[in-house]
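Asker: In the order they appear, the protein sequences are chains A and B.
Residue numbers for the first sequence follow this note's numbering, so the first one is 1 and each next one is one higher.
Residue numbers for the second sequence follow this note's numbering, so the first one is 198 and each next one is one higher.
Hints should not be assumed to be uniformly reliable.
Pair by pair, the computed Cβ-Cβ distance ranges are [as the list claims (entries may be wrong)]: (1) A:Ala-140 with B:Thr-286: 34 to 40 Å; (2) A:Thr-95 with B:Asp-270: 44 to 50 Å; (3) B:Asp-360 with A:Gly-135: 51 to 57 Å.
Using 30 Å as the maximum straight-line C-alpha spacing, the simulated DSBU-like pairs for lysine-lysine come out as follows [unchecked claim]: (4) A:Lys-63 with B:Lys-384; (5) A:Lys-194 with A:Lys-106; (6) A:Lys-194 with B:Lys-216; (7) B:Lys-384 with A:Lys-197; (8) A:Lys-63 with A:Lys-11; (9) A:Lys-197 with A:Lys-106; (10) A:Lys-11 with A:Lys-197; (11) A:Lys-106 with B:Lys-384; (12) A:Lys-63 with A:Lys-194; (13) B:Lys-216 with A:Lys-11.
Treat the hints as calculated values from the structure; they're not laboratory data.
Heads up, the beta-carbon is just placed ideally off N, CA and C, and yes, glycines get one too.
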Amino acid sequence: MARVTVTEIEKNDGVAIIRPNTTLTSWTNQSAAVDDENVAVEGIDGRNVVLGSVYVDETAAGKIFTYTGTTQVINVADGTIQSAGGNPVRIGPFTYSLSTPPMMLKVTCCLAFTDSSALLAAPAYFKLYKSTDGGAAYVAIGGTTRAASRRQSINITHLDRAAGSSNQVYYALYAWQAGGLNPAIGRIEFFVEKRLK
Amino acid sequence: MAFRYRERTVEDGDVLDPKDWNLNMAAFAEEFNGRLDRDNLPASAVGTDHIAFGACGSAVNEVLSVPVVVSNDTTTWQTIDEDSIAVETDALIEAEWGGHWSWAGKTDDDAIGFRLLVDGIEVARAPLDTARWACVHLFGDIVLPPSTHTVTIQARVFDADDDLNETAPPTGTATVELGEMITSVFKR
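Chain B extracted, bound-state conformation (with noise of 0.2 Å):
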């Protein structure tokens, strides 16, 4: 509550008038009722019970608990896993995602590759890899407006040359064995 005037100030000889009391107490009233501000509260006035669970964010989680057969299809991105969550303001979308892979009959120019997209935009890549197991974690962060908000984990394979460029499809099959996705909310 900012500084305010008083309405009415009552002196010594004045004639009564109810309206010296209405509208003061009608000024105090206002701002209770509904305009009350970081200025009527002291400091650390506000406590853990205070605040409403999902008040500043929130986070879900998606495990990927069933191993994923990347198909060598080198012309599209291979959807592995997704989540969704509902946001109700503006706010910042942290997405994450970790997992690992094997690949079955491989050479050595087969490779992988991942890209983590919030609403079908992407915010994170990572580049090809050659490893025969291997482990990546990709996190990305967007803002975006009120609604509900998809996170995607995709995967590509190829036959790499040596300067790891795309350029055929590999001899071997790459799974993606296990992950998590991991979106976090938090209310700008």
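Extracted from the complex, chain A is given alone in its bound form (with noise of 0.2 Å):
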């Protein structure tokens, strides 16, 4: 903690102004050193703060992937991104920094899905794949995959913490079946919070 000593002068001291100086030396000195310390607890508040400080607004265009129609999953088997109304379900590119503790990236994918397939019939299949360069190398993440039948609503959440290689990461949905099955996402909703501290 930056502290000020103050040099105090006392009766019958000579005139002279050595300890007035040392005090303004040390308020010079110390001035450029504040610290946490010199803050009082709770002592500061959301004003003080600069905005997007913590979080990071991710909402601009291909950060999100927004779809109100309805898709088939086409895939029979995994390794494929899916697509809707033309496009691929893919969000980023999302920087962050490889400092250690790394930023934290929270990414959702909600969406509803319905077949015509009886209860007991075999499920569709979707999971999460994250890419550094949104091109073609894609790599499953563990846990992500969820299997559904008849008609859910599916909510897949992973939280990445992992410092790549790379600043920047891409992520995907893949959505496969057993086949025969023709099941179909009716909307999708995919986004990341970024928090930064």
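Join these two chains into a complex; the hints should help.
Answerer: The following block contains the structure:
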């Protein structure tokens, strides 16, 4: 903590400017070294903090994917990005720091799903993938596979805390089915919450 | 720093007294040495680099990557996965878990339910579901004092009647296949 020392003038001191100068020098030096201990506990509020210092608004074009039509899950095996309205269900790039600890990206994909199969028929599968270049090199995100049959709402949420080899990342929704079930996705909301601190 | 009266005001003709200087300087130093606050800082003075990582909260995740078979013991909730996070201040704990399950040898009435707990307190519950394959996403908030908090996802299986009341053990075997638990902490 920057701490100013007041060098007091005492009675009967000679007429000299040394002590006042010592105090003023302390002010000059310490005012350039202010840190958190100079600030009172809970002394600052939202007005003092720059907008976007803790959370980043990631709602620009390309950073969210919204689809309100109906699209078929045509893939019969894992390995292809789901397409909706003629576009790949993909969002990004999101930039992040490679320093430790890394910032946090919370990825959420919500969708409504339906198929005409019977209750005990095979399910359709959904899974999140990530890529550092948005190209072909997508890697599956562990634990994000979800299986469903008939009519359901699906929410896949993943917390990405791992700093990768690149400072940017894309996310994509993969979907596939056992074959012949003709399942469909009704609506999709795909977005990221970026938390810096 | 709230408004402060000037300790000493020296006027023309006063006798020189060191206290006039000393007290005025001490008043400034007292504020500077640990009592600065929002009134001393202009709007938007604090940026990302000034904020310590974790000062506003934190988050952890736990991935269920190995399927868990849910026992047909209908008397107790069975833990599927859990995670913990150390919190140094009063905070809002936001717990969520999403995953999916499947049944083997299922009959129509076989059902599964889930609940999400923070330190043993139930914060969310999914009602019984009779689907063969399906997903569930539970989300709950609770304010807790400083401590290490544990978030737990539990499941329970039944043979349910037409009103989804719990009646007897199921015929089939349920497996929670995959899932992810995310625990976020927001400083109050």
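Asker: Find the hints from earlier in the document that the structure breaks and name them by number, from lowest to highest.
Answerer: As far as the earlier hints go, 6, 8 and 10 are violated by this structure, in ascending order.
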